[in-house]
Amino acid sequence: MTDAGYDDWLEAVDDGEGYYLACPEGHGSLPPRRVCPHCGSTELDQAALPAAGTVETYTVCYVGGPDFEEEEPYATAIADFGDVRLTGLVRGMDPEDVTVGMSVEARVGTNRTTGDDVLVLRTR
Amino acid sequence: MTGVRVAGVGLTHFGRHPERTGRDLFGEAALSAREESAVPLEDIESINYGNFMGALAERQGHQAPLMAEMAGLQCPATRYEEACASAGVAVREAVRTVRSGEADVMLAGGCERMTHLSTADVTEGLATAADELYEIRAGTTFPGAYALMARAYFEQFGGSREDLAHVAVKNHDNALPNEYAQFHRAITVDEVLEAPMVSDPVGLLDACPVTDGASALVLVSDEYAEANDLDAPVSITGSGQGGDHLALQDRENLAVTPATERAAAEAYADAGCSAADVDVVEVHDCFTIAEVMALEGLGFYDLGEGIGAARRGETTATGERPVNLSGGLKAKGHPVGATGGSQIAEMTRLLRGDHPNSDHVEDATLGVTHNAGGTVASAVVHVLEVDR
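These protein sequence lines map, in sequence, to chains Z and G. Per this note's numbering, the first sequence runs over residues 1 to 124. Per this note's numbering, the second sequence runs over residues 1 to 388.
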């Protein structure tokens, strides 16, 4: 399946050129968007995604759906990257060692069950 | 504008009925509601039906006309889908239709068939209430999403898994006498804390079960009730709905639910009441943390204070404002598309005095129901009042 906008964004993250969409009011959002979800502005420009984010919350999931059978247990985290947050799989460490406040960077990995691309958060 | 009365309620048993079709479940609930209401079949003008994942679970889309047929009705039928708040919006739109004068009698409710699916398939189906691109692909499950909110709550406001365990214990206690409830089993705080982890910090006994079931209500205008001499002492006097960004990552604060605040503000204004007037509450406790955030969003507690309510005994059956006397989603069960209708059916029974837990609220005049979709990207609040 092709998801125009999202696929391009993921590819950019994979290339180390991650971005988000910024409106004149300073709100951030992720593609595909035509309108800022926070204020309705249609003036959306690409802005560089900060290299580092901070884990704001996470969970260690022991019962995933069929697409995550090969992953369990796994940690999913929401990390603050300034004007946007990203939700990703935490890789490169024991899921039970994830902590709030941990510094992470956004990468692209492979879903071990489906082989699809997946947004990954790794410790820096 | 006319008032809206609950002329009859119908519920199936909530629980594991893997062999029963969704159509049969809803047919039972609709027939019960019709019989209790004593409203003639031909007077029901349309049906609002809530269902979330029937197209996945039963490979049955276009369910509303099928459900009208199962209820014996030949009238327009519309399915409402707002994830776990599907029946809540179905009822809300029925209330609005009656108030507008478009109809005098509506049937509203919902149904979900779930337990015939594997745990993995249920997990996948429920997760579709989240953002497919940005949440589901990152492994967010329904318990996982609430786990993310629970940890954010702990970080901001404090509280512990033990506080949450008291919510589960309370709701299991409340379900004990409820003939429609999935669980008739008292549990302890230790059992909740020692239960297997589903998605840390949400354990198995912090989570509502997977449930089959249906709910139905016959709603009528004041004029219809009076003209037909119906015994319908409970009115829906307030209705509100709120929305929020679908994905958690786009919310301003991961530990609060402004959709609930917006729905409550609208419903209270509609009914001319405030949070302080509310005697009894049914909230959307799909996970123990969800009850906490609902109580804060509804204005009963300041942020960070709701988590201790069950532990302090304020929301238990004998507390000052009982919460989830039905057992809640946690112990009564959560057939997602039926839940919003079930909450109003249970509140109606509680206020009329014919619920097994009515004795705990015999002086109550005003109750509130709160139904949420996904991680509360949708919320529906209703105010119910009884003639005393």
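In short, the hints are calculated from the structure, not lab data. Where a beta carbon is used, it is the ideal one built from N, C-alpha and C, also for glycine. Hints may be right or wrong, so weigh each one.
As the list claims (entries may be wrong) - Pairwise CB distance ranges, derived in the manner of DEER restraints:
1. 122(Z) / 252(G): 24 to 32 Å
2. 41(G) / 66(Z): 39 to 47 Å
3. 45(Z) / 56(G): 36 to 44 Å
4. 70(Z) / 35(G): 31 to 39 Å
5. 305(G) / 45(Z): 38 to 46 Å
6. 15(Z) / 320(G): 21 to 29 Å
7. 121(G) / 33(Z): 54 to 62 Å
8. 118(G) / 45(Z): 42 to 50 Å
9. 274(G) / 92(Z): 47 to 55 Å
Claimed, not checked - Short, incomplete list of chain G residues facing chain Z, as computed with Cβ under 8 Å:
10. 123
11. 135
12. 137
13. 141
14. 254
15. 258
16. 261
17. 262
To be verified - To be clear about the criterion: a stretch of chain G counts as covered by chain Z if any three or more of its residues have a C-beta under 8 Å from a C-beta of chain Z, and this derived list gives those stretches:
18. 111 to 121
19. 146 to 160
20. 188 to 198
Check: Going through the earlier hints one by one, which of them does the structure break, listed in rising order?
Finding: 4, 6, 7, 15, 16, 17
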